[in-house]
Amino acid sequence: AQSVTQPDIHITVSEGASLELRCNYSYGATPYLFWYVQSPGQGLQLLLKYFSGDTLVQGIKGFEAEFKRSQSSFNLRKPSVHWSDAAEYFCAVGARAAGNKLTFGGGTRVLVKP
Amino acid sequence: DVKVTQSSRYLVKRTGEKVFLECVQDMDHENMFWYRQDPGLGLRLIYFSYDVKMKEKGDIPEGYSVSREKKERFSLILESASTNQTSMYLCASSSLSGSNYEQYFGPGTRLTVT
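Residue numbers (my numbering), protein chains in the order written: chain A, 5 to 118; chain B, 56 to 169.
Just so you know, the hints here were simulated from the structure itself, not pulled from any lab data.
Ideal Cβ positions, reconstructed from N, Cα and C, are used throughout, including at glycine.
Heads up, some of the hints might be wrong.
Stated by the list, open to error - Once the Cα atoms are required to be at most 25 Å apart in a straight line, the calculated DSS-like pairs of lysine-lysine come out as:
1. B:58 x A:53
2. B:126 x B:108
3. B:58 x A:65
4. B:125 x B:73
5. A:65 x A:117
6. B:110 x B:126
Unchecked claim - Taking beta-carbon pairs under 10 Å as the criterion, some of the chain B residues facing chain A (in silico):
7. 71
8. 72
9. 75
10. 92
11. 94
12. 98
13. 103
14. 116
15. 119
16. 146
17. 159
18. 163
One chain only, chain A, in its complex shape (with noise of 0.2 Å):
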């Protein structure tokens, strides 16, 4: 069976600070993975995704994230963080073998410091 970890529950950084979010996937196969996002009182948005080829994603909104089968990983990473990226953010992973079901990790809460 698929399984996420997200091993931050809360992060805090500065408006203007890089952000990087930390997921880890366990899966036999070659997963599919994604980055949503959350804001208050929304449903959730596809930040980007990755199926195959360059290890190196970009996204929305300035986002991207970095595919590390060795590790196990798919980090997400933003350079400069805009106030409004306060959100909660979700690392989730799929597999062909899984029927197109998703498995959600347990989300990053992020907060941003004026």
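Since chain A is already given, all that's left is putting chain B on it; use the hints.
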């Protein structure tokens, strides 16, 4: 533009009541999903459906049932609501075509059972 709508943003019900949560998508997607979201636990899959009248249990189906009579509509039913079902409920849909596992989410229904 992709759209998933949920019938209510906020719902308050009493213990023992039968509760219906409705989800509608306008993207002609084959797959539809119901999740519950709780702090620290991320999203957990309750039920999903690959086609009309088809349903499969997710990770936490106990106390829930679902109905999919039309392709665009997927209903979650709490037969006898209990206080431990107080949660945020999220509906999502995805397409089978092109191996696209991206799920599109509705805004969520925050259910309180008193």
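Evaluated hints:
1. Taken as a hint, the residue 58 of chain B and residue 53 of chain A pair is honoured in the structure, with Cα atoms around 19 Å apart against an allowance of 25 Å.
2. For the suggested pair residue 126 of chain B and residue 108 of chain B, the alpha carbons sit about 9 Å apart, so the restraint of at most 25 Å is met.
3. Under the criterion of a C-alpha separation no larger than 25 Å, the hint pairing residue 58 of chain B with residue 65 of chain A is consistent with the structure, at around 20 Å.
4. Of the pairs offered as hints, the one joining residue 125 of chain B and residue 73 of chain B holds, with about 21 Å between alpha carbons and a cut-off of 25 Å not exceeded.
5. Taken as a hint, the residue 65 of chain A and residue 117 of chain A pair is honoured in the structure, with Cα atoms around 18 Å apart against an allowance of 25 Å.
6. Distance check on the hinted pair: residue 110 of chain B and residue 126 of chain B sit about 12 Å apart at the alpha-carbon level, within 25 Å; holds.
7. With a cut of 10 Å, the hint placing residue 71 of chain B at the interface with chain A is violated, because the nearest CB-to-CB distance is about 29 Å.
8. At about 25 Å, the closest approach between the beta carbon of residue 72 of chain B and any beta carbon in chain A exceeds 10 Å, and the interface hint on this residue is violated.
9. For residue 75 of chain B, the interface hint is violated, the least distance from its beta-carbon to any beta-carbon of chain A being 19 Å, above 10 Å.
10. Given hint, residue 92 of chain B at the interface with chain A, holds; its Cβ is 8 Å from that chain's nearest Cβ, closer than 10 Å.
11. A least Cβ separation of about 8 Å between residue 94 of chain B and chain A falls short of the 10 Å threshold, and the interface hint therefore holds.
12. The interface hint given for residue 98 of chain B is met, as the beta carbon of that residue sits about 4 Å from the closest beta carbon of chain A, less than 10 Å.
13. For residue 103 of chain B, the suggested interface contact is upheld, since its CB lies about 7 Å from the closest CB of chain A, less than 10 Å.
14. Violation of the interface hint for residue 116 of chain B is found here, the shortest Cβ-Cβ separation to chain A being roughly 13 Å, above the 10 Å cut-off.
15. The interface hint given for residue 119 of chain B is violated, since its Cβ lies 16 Å from the closest Cβ of chain A, which is over the 10 Å cut-off.
16. Below 10 Å, beta-carbon pairs count as interface contacts, and residue 146 of chain B has one with chain A at about 9 Å; its hint therefore holds.
17. For residue 159 of chain B, the suggested interface contact is upheld, since its CB lies about 8 Å from the closest CB of chain A, less than 10 Å.
18. Proximity of residue 163 of chain B to chain A holds as hinted, the smallest CB-CB distance being about 6 Å (cut-off 10 Å).
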